[in-house]
Amino acid sequence: MASDIRITAEPVDAQRCKFLVDRPVYQGVRRFADRGEAAGSPLAEALFALPGVQELIVSGNLITVVKESPEAWQVAGKAVGAAIRQALSTDAPPIADRPPATGAARVSDDELYERVSDLFEQQVNPMVARHGGRVELIDVQESIVMLRMSGGCQGCGMASVTLRQGIEGMLNQYLPEVKGIVDITDHTSGTNPYFASAKK
Amino acid sequence: MEAARRLQIDLIVASEQPSTFEQARPEGLITLDFGRIDWSVQRARRVAASYPFQATLGLDDDTVVLATAIENALGRGRNPLEAVVAARDKHLQRTRLAGGRVQVPRYGVHTIGEHVDAVAASMSYPCVVKPVRLSASRGVIRADNPTQLLEAIIRVGAILKSTDDAGECADATLEYLVEEFVPGYEVALEGLLVGGELHVLALFDKPDPLDGPFFEESIYVTPSRHPVSEQTALIECARQAAAALGLREGPIHAELRFNEQGAWLIELAARPIGGRCSAVLRFGDGTISLEEIVLRHALGMSLPSLERERNAAAVMMIPVPGAGVLEEFTGVDDAKRVPGVEDVVITAHRGETLVPWPEGSRYPGFIFARGETPEAVEHAVREAHRRLHFVLRPASP
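First to last, the protein sequences are chains A and B.
With my numbering, the residue at position 120 of the first sequence is 120, and numbering never jumps.
To convert a position in the second sequence, counted from 1, into my numbering, add 200.
Don't take each hint at face value.
Simulated pairs of lysine to any residue, SDA-like, Cα-Cα distance not exceeding 20 Å [unchecked claim]:
| no. | chain 1 | residue 1 | chain 2 | residue 2 |
| --- | --- | --- | --- | --- |
| 1 | A | Lys67 | B | Ala203 |
| 2 | A | Lys67 | B | Arg206 |
| 3 | A | Lys78 | B | Ala576 |
| 4 | A | Lys78 | B | Pro539 |
| 5 | A | Lys78 | A | Ala49 |
| 6 | A | Lys78 | B | Ala203 |
Hints are computed from structural coordinates only; laboratory data are not their basis.
Construct the entire structure; sequences and hints are all you get.
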């Protein structure tokens with residue numbers, strides 16, 4: 001039943017919110033850059049039908065929704081949750097596999113993946129390891145880097161500083177072809193964050 | 201950080217412990233020692249020489265003092281440093297406010313180690329023991345008689361010594377106030393000073409009585425439901441307090457009480473409300489955050505509407521459910537389904553040791569609600585809280 005599906009929302013900022021579902025949604029990672037890419041994926045179609053939804057990233061049981069509307073996530077999230085429950089309550093696979101990419105774009109993302117992966121392993125991870133953290137590159141799709149934090153970074157009160165001032169800054173500096181980053185970490189499940197969250 | 205991104209402002213983030221990226225990203229991350237003002241000002245000067253920045257913002261009690269010192273050192277301070285220092289130090293603040301004819305509780309300042317029998321004999325009751333330099337009501341204890349006062353002072357002494365060991369009270373600030381308890385209802389005022397003029401951003405009711413023995417915050421509701429005449433008196437009290445302290449620019453957060461003797465200033469801080477609770481405030485068409493207003497003001501950018509949105513709003517700082525290690529929490533989804541509730545955020549992590557007031561100062565999470573009336577949003581956060589369950593195990597000794 002749709003009502004049995006448990007979803008936890010974790011807003012990242014005014015545009016992005018992560019929805020953690022209590023069951024697998026998609027094996028792997030798939031990004032939907034626009035409504036046109038959603039065709040054939042019932043969950044993506046349902047979410048793009050909501051006002052203002054611009055982009056989706058589905059990874060395992062985590063759905064990251066990017067919207068352009070000014071509505072707060074506390075409000076918009078309820079419609080997103082209802083759409084997710086509705087899409088997952090049928091027998092149809094909620095997300096279809098990604099169609100084969102055109103040669104040039106695919107190679108570009110693959111190349112970028114390798115470069116980002118090298119940067120993460122050689123520079124980023126040795127740095128965050130000092131605080132017991134690790135950053136995992138999940139995928140690169142259309143020059144958008146998807147990553148997941150763990151260890152001391154997961155749930156850390158300074159995770160957004162690490163993400164924006166550290167990782168994003170390094171990507172801008174060394175790989176300017178990267179168009180953006182998406183953190184798909186479930187920060188609410190962090191059990192050993194390096195810094196505590198804000199008091200008030 | 202989100203407000204800065206929206207405004208396309210580049211940030212240099214300063215922290216007390218070094219970021220792991222500091223060496224790789226010196227233009228975006230620096231380490232300062234918030235307890236060593238002069239050293240940190242010199243460090244900030246060197247950073248400014250390499251990476252010029254336009255403004256320095258502090259977001260809590262300690263960093264506001266440092267940010268003001270940096271701005272003054274760079275020749276563009278908008279508040280006198282002594283005004284911000286006075287707002288940080290409860291004793292200095294009381295002294296300045298009393299001198300400025302702002303109604304404040306009668307108080308005396310003492311130091312841990314003083315002969316407590318003399319302190320107890322000199323007081324009228326009920327009274328409140330309050331560390332001079334701690335924040336978030338940490339260590340604030342009501343005493344109704346001399347025995348309770350002695351117990352409270354011993355307890356506050358232990359808290360101060362423990363924080364001093366941690367370096368929080370760098371200059372051995374073992375001072376505490378003993379002041380009269382002011383009966384009456386309490387409110388919080390969020391404001392922005394622009395050229396010495398106070399713009400009220402929100403006046404929050406605190407519907408749960410804060411009568412002690414400890415003073416953990418609970419629910420903030422805005423708009424206020426108190427009579428307009430009393431709201432006016434409370435706002436005027438905050439305005440006089442800011443002026444008496446010498447503050448002219450930037451955000452303020454004030455705690456005030458009201459009773460048959462009028463408005464009382466309990467505390468005023470030269471900073472905005474905490475970063476979690478600030479999510480309860482939205483301005484203009486509902487898309488402008490408090491942080492955006494504060495950033496715009498600091499940078500001299502045009503200010504948008506300072507009018508809070510039309511809806512009523514509430515935030516509950518979830519009470520610490522007890523002392524112990526958080527093993528599990530449940531009911532978050534159920535709590536989010538309460539009509540009017542916009543978000544339930546559990547900030548404590550599994551395995552974290554929860555410490556109740558007065559020793560503690562960290563809430564396990566926050567509940568936000570928005571709706572047509574103050575009554576509706578207050579009911580929503582209470583109902584959501586009722587649906588949450590925390591499982592604790594005893595902390596290791």
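For each hint, the structure was consulted:
| no. | hint | result |
| --- | --- | --- |
| 1 | A/Lys67 - B/Ala203 | 16 Å, holds |
| 2 | A/Lys67 - B/Arg206 | 14 Å, holds |
| 3 | A/Lys78 - B/Ala576 | 19 Å, holds |
| 4 | A/Lys78 - B/Pro539 | 11 Å, holds |
| 5 | A/Lys78 - A/Ala49 | 14 Å, holds |
| 6 | A/Lys78 - B/Ala203 | 24 Å, violated |
When held up to the earlier numbered hints, the structure conflicts with hint 6 and nothing else.
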